[in-house]
Amino acid sequence: MSWAAHPAEDAHVVRLSLAESERFSAIFDTYFGEIHRYVAQRLGADAAEDIVAETFLTAFRKRAQYDPSRAGVRAWLYGIATNLIGRHRRVEVRTLRALGRHGPDPDTPGHEEHVAVRVSAESLRPSLAAALAGLHQRDRDVLLLVALAGLSHEEVATALGIPYGTVGSRLNRARRKLRATLGETNPMLESEEADRG
Amino acid sequence: MDELKTVRELYGEPRLDPLLKARVRGLLTDEPRRRRWRLSWTAAVAGLAAAAVAVAVAVAVPGMTGEAGAPNRVATISGRSVLLAAATTAESDPAAANAYWRVRKLHRRTYPERLGRGANRYWVVESRLTEQWVARDGRVWSASRALGARPGSAADEEAWRRDGSPTEWSSQGEVLSTSPEKGELRAIAGKVPFSMAGHEMTFEQLQRLPVAPAALKEWVTEAVSDVPAGTVDGVVADALSGLLWSKPSPPDVRAAAYRALAELPNIRYLGSATDERGRAGAGFSFTVQPPGARNGAAVRRTLIIDPDSSQVLSSTVTGPPGVKGDQVELVLEAGWTDDRPAVPELP
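Each protein sequence line maps, in turn, to chains A and B. So the mapping is simple: this note's numbering equals the position in the first sequence, first residue as 1, plus 3. So the mapping is simple: this note's numbering equals the position in the second sequence, first residue as 1, plus 397.
Note that these hints are calculated values from the structure, not bench results. Because the structure is a prediction, the values reported are computed rather than measured. Backbone N, C-alpha and C fix where the C-beta goes; we use that ideal spot for every residue, glycine too. Check each hint, because a few of them may be wrong.
Straight-line Cα separation of at most 20 Å, DMTMM-like style, residue types lysine to aspartate or glutamate; simulated pairs [said to hold, decoys possible]:
1. Lys402(B) - Glu37(A)
2. Lys418(B) - Asp142(A)
3. Lys402(B) - Asp142(A)
4. Lys418(B) - Asp70(A)
Here are the in silico distance ranges between beta carbons for each label pair [to be verified]:
5. His15(A) - Lys402(B): 46 to 54 Å
6. Thr61(A) - Asp399(B): 32 to 40 Å
7. Ser172(A) - Thr734(B): 53 to 61 Å
8. Ser567(B) - His139(A): 33 to 41 Å
9. Thr734(B) - Ser155(A): 52 to 60 Å
10. Val96(A) - Val572(B): 26 to 34 Å
11. Ala532(B) - Pro166(A): 50 to 58 Å
12. Leu743(B) - His15(A): 50 to 58 Å
13. Gly535(B) - Gly164(A): 43 to 51 Å
14. Gly137(A) - Arg665(B): 31 to 39 Å
15. Gly137(A) - Ala532(B): 33 to 41 Å
Produce the complete structure using the sequences and hints provided.
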């Protein structure tokens, strides 16, 4: 993956694509895989196709408004995808319920392809999924942009258009709730986080 | 405890449909002419492509080469009469008398990206054996076993050797290996097991489909009524043909599907044909136009059927443009059995 190495180049490509729209396909090629992975994780593979297509479509339509000084292309795309996911709260809750029941490999005949990572503690799965489903959407967005997409606090702030400090407080609240569910509190984690900001 | 790690493990890695990217790119490219996003229609295309394409893989079996092309065309006979003859045969099939309906398929596909390092890039062909089992009460099991990947053509094999003859590749979160897997069998729970043109379908719904050809066609057309004008014919043909071979349709529904297909104007007859295992039958094909795609960006499905048994022998999906190689599925066995669900033996 080359995105990490060339954030400035990507921003340049978005600008060039204003005049030559076919250049946008380079952005698509670079980020399709990880955006799809993120959306499929949150909404399931079946719903993901449409949402991912819509993400790139929205990005393409709004490329004139993209401001490279505020967000990297990657964070920008995750922000668009997260907003679209937010319109499908019921699908997300259903997906979480299925994850809680069956784990991360929803199988259907004709869909045998998958790479599944097993949850180490099988018994935690249903309560963890329920706890995630019970989070406020805005807290879950922050949590999953960090946990699944690996965005930094700064990237999350630009992706969602929220203040930097808000990212930390939402993340802390989400983690605290999950920890309570998992029946374990570790005061060290809280202080560590305060340092990280 | 690191709850972020626990969250990641809960979500796991979503399954990857290797053709999805090409499909979505096609939609994006044609965006200016599209007024709005058609959610259910793209799902229908996903179902179409997924049914034949997503799982489609390759086979390390004698007689099946990586680059085998379209079915071998031998002679021309009246195609419509072939479908009607198959209908008659299908009708006389015994109703379910055994414990399970089973379909065992061999899949072949070319991995959508070239693999290898540096200057040594090559296409790799994957093969997979799958089995689906459906009990009469509607319970479903799915078994799958990769048979191993290998370079496609002789030139690909050359490049593979120069690359150091690797026996494993990792690409986009998928791992490919030249060795067969042990395979796995799993019960499908909590998910509707079948779909028709992107619409979920239960075992019970399948058993209750109309058995008159016109009524069945009407039912299917109604089910796919959300597709854009101009694409309906292809989707209806695909949905009807799906009843013949990828689902445990009752004999009279299969007969009706054959008869309904015989009346469709967009079915192209290819005459006598043999599948990649050398089994003789008759070929026919139709195209399905993805939404908003340019002419020629369609997916073509070619089916070879055996009119004497009414079984579909093979399905070959070609396209959309940009996808390397055909997606071939060979039906090795389909019908009712008392064998119990198990991981498939190596062929």
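Now for the hints, and whether the structure bears them out:
1. Lys402(B) - Glu37(A): holds, 18 Å
2. Lys418(B) - Asp142(A): violated, 30 Å
3. Lys402(B) - Asp142(A): Holds, at about 17 Å.
4. Lys418(B) - Asp70(A): violated, 26 Å
5. His15(A) - Lys402(B): 46 to 54 Å: violated, 35 Å
6. Thr61(A) - Asp399(B): 32 to 40 Å: holds, 33 Å
7. Ser172(A) - Thr734(B): 53 to 61 Å: holds, 59 Å
8. Ser567(B) - His139(A): 33 to 41 Å: Holds: the Cβ-Cβ distance is about 37 Å, inside 33 to 41 Å.
9. Thr734(B) - Ser155(A): 52 to 60 Å: holds, 55 Å
10. Val96(A) - Val572(B): 26 to 34 Å: With a Cβ separation near 32 Å, Val96(A) and Val572(B) satisfy 26 to 34 Å, so the hint holds.
11. Ala532(B) - Pro166(A): 50 to 58 Å: holds, 56 Å
12. Leu743(B) - His15(A): 50 to 58 Å: With Cβ atoms ~51 Å apart, the hint holds.
13. Gly535(B) - Gly164(A): 43 to 51 Å: holds, 48 Å
14. Gly137(A) - Arg665(B): 31 to 39 Å: 54 Å Cβ-Cβ, so the 31 to 39 Å window is violated.
15. Gly137(A) - Ala532(B): 33 to 41 Å: Since Gly137(A) and Ala532(B) have Cβ atoms about 36 Å apart, the given range 33 to 41 Å holds.
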